[in-house]
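Got chain A sorted already, so can you dock chain B onto it with the hints?
From first to last, the protein sequence lines stand for chains A and B. Just so we're aligned, residue 384 is where the first sequence starts under this note's numbering, counting upward by one. Just so we're aligned, residue 28 is where the second sequence starts under this note's numbering, counting upward by one.
FYI, nobody ran anything at the bench for these hints, they're computed from the structure. Glycine is no exception: its CB is placed at the ideal position from the N, C-alpha and C atoms. A couple of the hints might just be wrong.
Stated by the list, open to error - With a straight-line Cα cutoff of 35 angstroms, these simulated DSBU-like cross-link-like pairs (lysine-lysine) come out:
(1) B/Lys103 / A/Lys613
(2) A/Lys613 / A/Lys644
(3) A/Lys417 / A/Lys613
(4) A/Lys423 / A/Lys501
(5) B/Lys42 / A/Lys411
(6) A/Lys414 / B/Lys108
(7) A/Lys459 / B/Lys103
As the list claims (entries may be wrong) - Pulled a few chain B residues facing chain A out of the computed Cβ check, cut under 10 angstroms:
(8) Asp43
(9) Ile48
(10) Pro55
(11) Arg97
(12) Leu102
(13) Glu109
(14) Glu114
(15) Thr125
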Amino acid sequence: MTSTNNALLFSGHQYLRNRLVLSILSGKPVKIDKIRSGDKNPGLRDYEISLLRLLERITNGTVIEISVTGTALLLKPGIIAGGSITHECPLSRSVGYFLEPVITLAPFAKKPLNLTLKGITTDDHDLSADIIRTVTLPHLQLFGISEGLELRIKKRGSPPLGGGEIQFLCPIIKQVRTLNFVEPGKVKRIRGIAHAVRISPQFSNRMIEASRSILNRFIPDIYLYSDVYKGDDSGKSPGYALSLLAESTTGALYCAEATSKPGTAPEDIALLASRALLTEIRRGGCVDRKHQTLVLLMMVLGSEDVGKCRMGEPTPRTIQFLRDVRDTFGTSFKIVSAESPNPDAVELVYSCYGTGYVNANRSLA
Amino acid sequence: ALSAYKQHSRRANRKDWIKLIYSSSLTPQQVLSDTPSKSSKADRDMDDDFFTVKSEAVLGGGDDEDDGDRSKEVLKEEDFKEWEDEELLDSIRGLFITGTAEP
Numbered sequence: 384m385t386s387t388n389n390a391l392l393f394s395g396h397q398y399l400r401n402r403l404v405l406s407i408l409s410g411k412p413v414k415i416d417k418i419r420s421g422d423k424n425p426g427l428r429d430y431e432i433s434l435l436r437l438l439e440r441i442t443n444g445t446v447i448e449i450s451v452t453g454t455a456l457l458l459k460p461g462i463i464a465g466g467s468i469t470h471e472c473p474l475s476r477s478v479g480y481f482l483e484p485v486i487t488l489a490p491f492a493k494k495p496l497n498l499t500l501k502g503i504t505t506d507d508h509d510l511s512a513d514i515i516r517t518v519t520l521p522h523l524q525l526f527g528i529s530e531g532l533e534l535r536i537k538k539r540g541s542p543p544l545g546g547g548e549i550q551f552l553c554p555i556i557k558q559v560r561t562l563n564f565v566e567p568g569k570v571k572r573i574r575g576i577a578h579a580v581r582i583s584p585q586f587s588n589r590m591i592e593a594s595r596s597i598l599n600r601f602i603p604d605i606y607l608y609s610d611v612y613k614g615d616d617s618g619k620s621p622g623y624a625l626s627l628l629a630e631s632t633t634g635a636l637y638c639a640e641a642t643s644k645p646g647t648a649p650e651d652i653a654l655l656a657s658r659a660l661l662t663e664i665r666r667g668g669c670v671d672r673k674h675q676t677l678v679l680l681m682m683v684l685g686s687e688d689v690g691k692c693r694m695g696e697p698t699p700r701t702i703q704f705l706r707d708v709r710d711t712f713g714t715s716f717k718i719v720s721a722e723s724p725n726p727d728a729v730e731l732v733y734s735c736y737g738t739g740y741v742n743a744n745r746s747l748a
Numbered sequence: 028a029l030s031a032y033k034q035h036s037r038r039a040n041r042k043d044w045i046k047l048i049y050s051s052s053l054t055p056q057q058v059l060s061d062t063p064s065k066s067s068k069a070d071r072d073m074d075d076d077f078f079t080v081k082s083e084a085v086l087g088g089g090d091d092e093d094d095g096d097r098s099k100e101v102l103k104e105e106d107f108k109e110w111e112d113e114e115l116l117d118s119i120r121g122l123f124i125t126g127t128a129e130p
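Chain A on its own, in the form it takes in the complex (with noise of 0.2 angstroms):
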């Protein structure tokens, strides 16, 4: 982990996408070696190659050289171009897992991005699109990223086969705004998306029900949404899952999901999908945990002023997305315990001295 020649080392195959994203975003390229090298199939895996041709495409002189074994990759990144583009996703992730990357880079491009992946829109390991849509595009907006940012879902697709398809429209910003949120507020209201492709709608009225048996008692403003896809616009695949957010007074997003599995009946998803929620609502901050790292990113980028946020205590990822960050930016957080009004959360207040990135390709323009 330290940079030498200008080039950022890292080592394995973990936390590759936001290291990725830090080197675009700085412009300083990034070594990454010892990818798997022990595993019995070492290498980059197929999403992983695929996403670097994502990059590849969304960028403009970005040399990527990947080893015979596959287990090192040298990125020099070029400039960000955005623009219009279609992408054919593998179907061992989701499109999310390519999202959430391009997310945190669209805003710098020279041309706004009209971006469409296809492939499979909801599944267990990253954000769906339908979270996506509802709470990542929102946390931008805190940072002054708005006014035709839209994810629209065309089709859904269930693993394994996948056939959804989703269209990402980000406009370019010159530079981000330095972010002061520090009051969690209260919950006010929770919202849902309930969906059900290739089976029954029935399910996800199922999955409506089973949910409120349990936030019902909380709030009353509580509004289910049993989104429902047919035809060509609903996948090859058969599949359900709930999605559920969290609104505060004060605009904190928390948000949760969980998705069907062979042989476990729709009423329990949902209750998975509520608890889980419940939990992300108890830990208490203005982020949630699938959020942290684009909010500190975020920071980081902001102008030069202090940028302070108040969340959970980091997960896993946040912990080696700062240590990447001070590594790439030279910007370290100061990360203080929150006085907290709820005794049960640990909560801590983030803060940092925004670099004041600007948007530079912007300006070639």
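Relative to chain A, chain B alone:
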């Protein structure tokens, strides 16, 4: 269950996050565990055999699915059993606008 969680939180509250994150060589998982120690690593070093069996962690996740680069947590039904407790459900009422002020 509630008191156990509280106790865990209090312990975690005392952590010096800045030091743990920026000036220790612990893995993120070790930072989050309650008693940060390198015991597992020390154990490995003790083996002075020429051939050493690499642990799962060194191999970077033995099973293919867990590659660490996922943004959703794994949801296990067992982890959420605690929410069957009515008392616990009531305990977070204060976090909603409809709830009364903290007791």
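Here's how the hints hold up against the structure:
no.: 1; hint: B/Lys103 / A/Lys613; verdict: 31 angstroms, holds
no.: 2; hint: A/Lys613 / A/Lys644; verdict: 21 angstroms, holds
no.: 3; hint: A/Lys417 / A/Lys613; verdict: 45 angstroms, violated
no.: 4; hint: A/Lys423 / A/Lys501; verdict: 30 angstroms, holds
no.: 5; hint: B/Lys42 / A/Lys411; verdict: 33 angstroms, holds
no.: 6; hint: A/Lys414 / B/Lys108; verdict: 43 angstroms, violated
no.: 7; hint: A/Lys459 / B/Lys103; verdict: 40 angstroms, violated
no.: 8; hint: Asp43; verdict: 9 angstroms, holds
no.: 9; hint: Ile48; verdict: 5 angstroms, holds
no.: 10; hint: Pro55; verdict: 4 angstroms, holds
no.: 11; hint: Arg97; verdict: 4 angstroms, holds
no.: 12; hint: Leu102; verdict: 5 angstroms, holds
no.: 13; hint: Glu109; verdict: 8 angstroms, holds
no.: 14; hint: Glu114; verdict: 13 angstroms, violated
no.: 15; hint: Thr125; verdict: 5 angstroms, holds
Hint compliance for this structure: hints 3, 6, 7, 14 are broken, all remaining hints hold.
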